[in-house]
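K.L.:
Working from the sequences, and respecting the hints, build out all of it.
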Amino acid sequence: MRTMLAAAVLLASGGEDLSWVAKRVDEWQPRPSERKFDRIGWLTDIRAGLALAKEHGRPLFLFTHDGRMAIGRC
Amino acid sequence: MRAVALSDDEVIRLLNAHFVPVYVSMEDYHGKAARVPEDERKAYQQIYRSAGAKKLSTGTVHLYVATPEGEAIDSIHVAHAKTEKVIGTLKAAVEKLGVPAGPTLVEPRPQAATPEAPEGALVLHLTARAVPGKAGGFWGELPGEDYIVYRREDQAAFLPPAGAKAWEVEREAALKLLRHFYPSTENNDLAKQEIEAVSLRASLLEDGRVRLDAGLRMKHPFYHKKDDCRVEATAVGVLEIDAVKGLVKDFRMATEKAVYNGGTFGVAVRTVRP
Numbered sequence: 000m001r002t003m004l005a006a007a008v009l010l011a012s013g014g015e016d017l018s019w020v021a022k023r024v025d026e027w028q029p030r031p032s033e034r035k036f037d038r039i040g041w042l043t044d045i046r047a048g049l050a051l052a053k054e055h056g057r058p059l060f061l062f063t064h065d066g067r068m069a070i071g072r073c
Numbered sequence: 000m001r002a003v004a005l006s007d008d009e010v011i012r013l014l015n016a017h018f019v020p021v022y023v024s025m026e027d028y029h030g031k032a033a034r035v036p037e038d039e040r041k042a043y044q045q046i047y048r049s050a051g052a053k054k055l056s057t058g059t060v061h062l063y064v065a066t067p068e069g070e071a072i073d074s075i076h077v078a079h080a081k082t083e084k085v086i087g088t089l090k091a092a093v094e095k096l097g098v099p100a101g102p103t104l105v106e107p108r109p110q111a112a113t114p115e116a117p118e119g120a121l122v123l124h125l126t127a128r129a130v131p132g133k134a135g136g137f138w139g140e141l142p143g144e145d146y147i148v149y150r151r152e153d154q155a156a157f158l159p160p161a162g163a164k165a166w167e168v169e170r171e172a173a174l175k176l177l178r179h180f181y182p183s184t185e186n187n188d189l190a191k192q193e194i195e196a197v198s199l200r201a202s203l204l205e206d207g208r209v210r211l212d213a214g215l216r217m218k219h220p221f222y223h224k225k226d227d228c229r230v231e232a233t234a235v236g237v238l239e240i241d242a243v244k245g246l247v248k249d250f251r252m253a254t255e256k257a258v259y260n261g262g263t264f265g266v267a268v269r270t271v272r273p
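Protein sequences, first through last, are from chains A and B.
First residue of the first sequence? That's 0 in numbering that gives the first Met the number 0, and the numbers climb one at a time after it.
First residue of the second sequence? That's 0 in numbering that gives the first Met the number 0, and the numbers climb one at a time after it.
Keep in mind the hints are simulated off the structure, nothing from the lab.
Positions of the beta carbon are idealized from the N, C-alpha and C atoms, including for glycine.
Every clue listed holds true.
Derived DMTMM-like pairs (lysine to aspartate or glutamate); straight-line CA-CA distance at most 25 Å:
| id | chain 1 | residue 1 | chain 2 | residue 2 |
| --- | --- | --- | --- | --- |
| 1 | A | 35 | B | 185 |
| 2 | B | 248 | A | 26 |
| 3 | B | 164 | A | 16 |
| 4 | B | 256 | A | 25 |
| 5 | B | 31 | A | 44 |
| 6 | B | 164 | A | 15 |
| 7 | A | 35 | B | 106 |
| 8 | B | 90 | B | 7 |
| 9 | B | 81 | A | 37 |
Derived list of chain B stretches under chain A, where covered just means 3 residues or more per stretch with a C-beta under 8 Å from a C-beta of chain A:
| id | segment |
| --- | --- |
| 10 | 98 to 106 |
| 11 | 126 to 133 |
P.N.:
Take a look at the structure:
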């Protein structure tokens, strides 16, 4: 059955098995270990950060960078 | 920084329990792309200048610890921000200011959020990462991500013209996606790229799907100045389309081979909201 399905897919795609595309797309997605940054309760505005710091008596931790940290383009 | 210290469990715990964590891109504060309001820029300058006045290190790529009044009490250049040093700095600030542990003040959420898009838009998520092959030539610790939005009317480029079985996707539509085919570098300004060769051929498969074959040779400076770093890539895409509505229902693409500045990388593209 699996062989017949594979043959049908091959026929439909002009004789070439394109299943590797979807497989590779899945494999290359960001992994949870690469998104640990998201576990931090971030703000992206210093004024809002200082207001919250005053309200709760906490220090501000400010990370300044170039590019776009949220998407790893930095 | 994001890949090491800011992915460390103890750093994450300290930041959430004792601090108000903020990150900002200096591109929004200085230069031609500056877009933050004046009072936000002043809030940054106060912290920056107070650090300088105390002979602490300062710079655009930096960590600062400041009081709620915006007075810097410590700082670290990112190049020196090893995990142990960051933990030590955070703990010292907690002790100095006597900050008890408490709940996380801002709900953690995915920072790479899917952008807003008009109805009928095709929203693509792109991941560019180091893959097995030749190492080096770019930052490989974490993937770079992008979102690309094709409005409803833009998707016609991926649909077969009447009676056609194969066609070339128009250059503008092709480059809207392919300009993002680069790994993590210091420079992310697409305007600094030079397209040397690009093609995106489409063909209709017998099952009604569309196959895309992409080829790209593009200069992409590693830093914000001219160099000879270039991307050379080929990729294959498989699209499910709704020819009646003129929409792309599903879009998947992956590089067959991609190199940049001597290193091997891969790009994966998928639909996040049809």
